[in-house]
Amino acid sequence: MNENNLLKVENLRTEFKISRKKSVAAISDVTFEIDKGEIVGLVGESGCGKSVTSLSIIRLLNDTSGEITHGSVWFKGNNLLKLSDEEMRHIRGKEIAMIFQEPMTSLNPVLRIDNQLIEAIQLHTEYTKQEARKHALETLRSVGIPDPERVSRCYPHQLSGGMSQRVMIAMAMSCYPDLLIADEPTTALDVTIQAQILDLMQGIRNTRGTSILLITHDLGIVAETCSRVYVMYAGRIIEEAPVDILFSNPSHPYTQGLIASIPKLGLEAESLPFIPGSVPDITMMPGGCRFHPRCRYATEICSQKEPELISINESQKCRCWLKTSEYSIKTENGESRK
Amino acid sequence: MQTSTFIDQPIKKAESRAKYYFRKFFQRKTAVIAAVIILIFLFFAIFGPQIAPFDPSLPDYDNLYGAPDAVHWFGTDEFGRDVLSRLLVGTRNSLGVSLASVLIGAAIGTFLGVLAGYYGGIIDSIVMRGSDILFAMPDILLAIAIVAIIGPGIINVVIAVAVFTIPSFARIMRSATLSVKSSLYVEAARSIGCKNSRILWVHIFPSTVQSMIVNFTMRIGTAILAAASLSFLGYGAKVDEPDWGAMLSSGRNYLDIAPHLVYFPGLLIFIAVLAFNLLGDGLRDTLDPKLK
Amino acid sequence: MGRYFVKRVLGTIPLLLVISFLIFMFIHLIPGDPVRNMAGREATTEELENLRESMGFNKPLYQQYFSYLNDLVHGDLGISYKTKLPVSEMMIGRLKPTLKLTFFATLWSTIVGIAIGVLSAVNRGKLIDYLGMLIAISGISIPGFWLGLVMIQIFSVKLGWVPTGGLDTWRSYILPSITLGCGIMAILARFSRSSMLDSLGEDYVRTARAKGQRERLVILRHAFRNSLVQVVTVIGLQIGGLLAGSVLIETVFTIPGLGRLLVDSLAFRDYKVVQALLLFFSFEYILINLIVDLLYGVLNPRIRLK
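If you're matching them up, the sequences are chains A, B and C in order. Numbering follows the numbering used here, in which position 70 of the first sequence is assigned residue number 111; successive positions increment by one, without gaps. Numbering follows the numbering used here, in which position 187 of the second sequence is assigned residue number 429; successive positions increment by one, without gaps. Numbering follows the numbering used here, in which position 47 of the third sequence is assigned residue number 49; successive positions increment by one, without gaps.
Hints listed in this document are in silico derivations from the structure and should not be mistaken for laboratory results. Treat each hint with caution, since some may be false.
[Stated by the list, open to error] List of simulated lysine-lysine pairs, DSBU-like, C-alpha gap at most 35 angstroms:
1) A:K135 to A:K49
2) A:K63 to B:K266
3) C:K86 to B:K480
4) A:K58 to A:K123
5) C:K84 to C:K274
6) A:K62 to C:K128
A quick note: this is a predicted structure, and the numbers were derived from the prediction, not measured.
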């Protein structure tokens with residue numbers, strides 16, 4: 042194992058009960074890793090299992106009917122899935138923090154901002170209330186809130202969306218976690234605010250060395266922020282690549298479609314290419330490769346057997362029969378693409 | 243049921259809406275049991291006099307306060323009358339009063355609510371202030387005050403219970419009407435020149451049927467309780483008439499020597515109200531999960 | 003906040019006026035001559051006229067209403083025809099048992115009801131949830147007066163643990179309080195369950211868990227604190243009706259309270275007393291609703307800070 046490794050998720054499978062007897066897997070065979078100080082993107086359309094993946098990592102599925110049935114989550118050498126609830130509680134907020142898509146509803150409407158921050162701080166430190174308050178104000182200032190004294194006395198409904206997300210980030214960062222999971226942190230915000238929040242997150246990485254798992258459906262954000270990307274489709278990771286390679290040389294037909302459908306400045310976008318159809322419902326997954334009904338390269342094998350996620354060169358992985366045969370033929374002939 | 247569109251298939255319409263609701267309803271065991279109990283009570287209400295083992299008003303002075311036994315399953319009362327027979331015959335009275343009062347209250351409330359929601363303005367203000375006033379008095383107090391004014395008796399109990407049923411229906415229908423009114427299809431109907439009354443009945447009414455059914459069922463339970471309370475206080479049926487509340491009221495005097503005179507009528511009221519409430523819960527979950 | 007207060011308080015005044023008018027009209031709405039109704043058939047014409055004169059029934063209706071209002075403001079509820087005592091005096095003597103009863107009923111039913119609701123929500127779909135909801139729906143459906151009678155039969159007549167009625171010892175309050183509070187307990191249990199289920203599904207509850215907060219505190223500090231705002235509203239609305247609910251319970255347990263006074267006065271056609279009681283119960287109901295609304299404003303920062 043790589044020494045710089047912080048988080049390593051292996052073959053994770055999470056199932057949801059849809060009736061008394063039947064469960065379906067929302068995600069399965071999900072494998073990825075994050076190094077220290079790295080910002081990694083997890084990209085996909087809504088409903089592809091990104092959020093389930095993140096909630097599975099910090100085991101917050103308990104308010105849903107979801108259950109992790111397979112796999113492991115290695116964090117600093119410990120399998121989080123094997124920890125007791127109490128041990129896991131000390132990981133959450135202290136070692137791994139999380140921020141969410143809707144900052145406005147993610148803050149408790151009946152508690153003042155300072156109390157919510159102090160709560161987070163006192164959970165994982167020995168600070169007295171005064172010390173915690175002081176620390177809370179510092180943290181608020183560090184996320185670019187100009188008037189922490191005033192903001193700390195506010196209730197969430199008195200703050201704007203961007204301000205709320207800054208507060209959420211402050212709360213998440215208050216105990217200096219090693220990993221920050223950001224689930225669509227900017228989706229609910231205005232474009233100008235989006236950029237500020239992304240800047241803030243990059244700044245945190247730079248000053249604190251915090252690793253960030255950035256979950257988003259927006260490839261533009263990934264391009265700006267991340268170093269490596271995992272693309273998810275219908276509960277599977279279908280491609281992994283460094284960010285520049287993903288954009289210059291996408292290997293999976295789905296990724297190709299995604300990138301082709303980004304509007305480009307200066308080009309006449311009369312007919313923006315798009316991927317026909319939509320993400321299949323979790324209860325009605327097609328057999329074989331999950332993308333084949335929408336794939337224009339689909340062949341017979343695609344509907345019969347699901348491909349594996351395999352390396353197609355030293356930095357890129359892909360889950361597609363197209364690449365599988367190509368690569369395997371090439372390696373059989375002894376001419377790997379080095 | 244979600245249908246995914248990733249394969250070009252026409253959206254299935256195999257299962258009709260009614261069938262879907264039926265299937266969902268039958269998954270709820272408690273609600274189904276409640277419905278069966280209510281059907282049994284309705285059967286008693288219709289055929290009570292036919293299936294009663296004894297004449298409910300025939301006294302038997304050799305068998306006063308008889309405890310339940312093989313002949314008189316529920317015992318006999320202070321005149322030696324068969325309690326079971328009186329309860330069976332009394333079902334019609336007790337269910338009838340509550341059904342009638344909720345029907346009347348629902349009809350008036352619905353009418354006023356739709357009127358208020360659809361026309362708004364002064365009509366709305368009058369209806370809503372009126373229901374504010376009715377809401378400003380506790381139910382039982384309102385019923386007692388009404389009965390005090392118009393006098394005791396079964397018909398008057400119906401009226402009293404109907405009056406306090408009105409505002410709940412008026413409010414439900416008003417807000418339902420308002421939301422339907424603002425939705426597009428009524429706009430569309432108006433723009434193709436439908437008459438106001440047609441818009442009301444064709445568009446607004448069907449879309450509120452679900453919450454109506456739920457409220458109606460729940461209100462019957464409340465009405466049975468209210469009617470029984472009024473009878474218990476002596477404002478309802480005459481004492482010698484077979485009526486659950488009245489039987490309970492007179493049985494109260496013999497609590498120490500013949501508790502069965504209190505147990506059985508009350509138990510029946512309890513079961514009936516419970517059945518309507520359970521059915522109402524089941525219907526609400528089936529028809530309108532949002533209401534939860 | 004201040005404006006919200008003033009607006010709500012001023013808003014109830016018209017309602018109080020209308021209600022007071024309706025209740026004033028109560029005596030006149032009863033078919034027949036109100037004086038004759040009160041005096042009974044055997045009263046002579048002269049007695050009737052004297053009574054009419056002394057109670058002001060010979061004046062025009064609006065004048066009667068204004069003097070009624072005037073008396074009301076001065077705390078004068080009139081003289082009981084039957085007992086010849088001031089109605090307010092009669093009521094004060096009866097107030098204490100009813101208030102005590104209401105207090106105990108509220109106390110136990112609030113605690114038990116909320117506990118059942120929260121436990122059911124947290125254990126959704128498990129045995130404890132089904133049990134809790136079974137208790138709740140039974141509590142809503144059970145006729146209180148019957149429950150009271152059954153308990154008297156079991157605990158007083160058979161076992162002799164508590165007196166059958168009256169208010170001689172503290173034990174006398176046990177059965178009536180249980181009976182009176184049963185319905186509220188049930189309503190609160192159902193309401194706090196559904197409210198808690200809503201809260202538990204909110205984003206901020208997930209945030210609290212993501213912080214590493216203990217599950218017990220996630221439930222109490224975050225989910226329940228938010229539900230509390232609505233639960234308090236329901237408690238208030240229910241307490242409002244509780245005093246009136248004492249009518250039945252005080253009859254069952256022969257408690258000399260206000261509810262019992264209402265039933266007796268109706269039987270004696272002592273309409274001045276009936277009128278005063280109707281007014282008292284309605285005003286109390288409206289005022290409690292007002293207080294609940296104001297409290298809602300205090301508990302809910304979104305309203306408080308406007």
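Task: Hint numbers not upheld by this structure, sorted from lowest to highest - done: none
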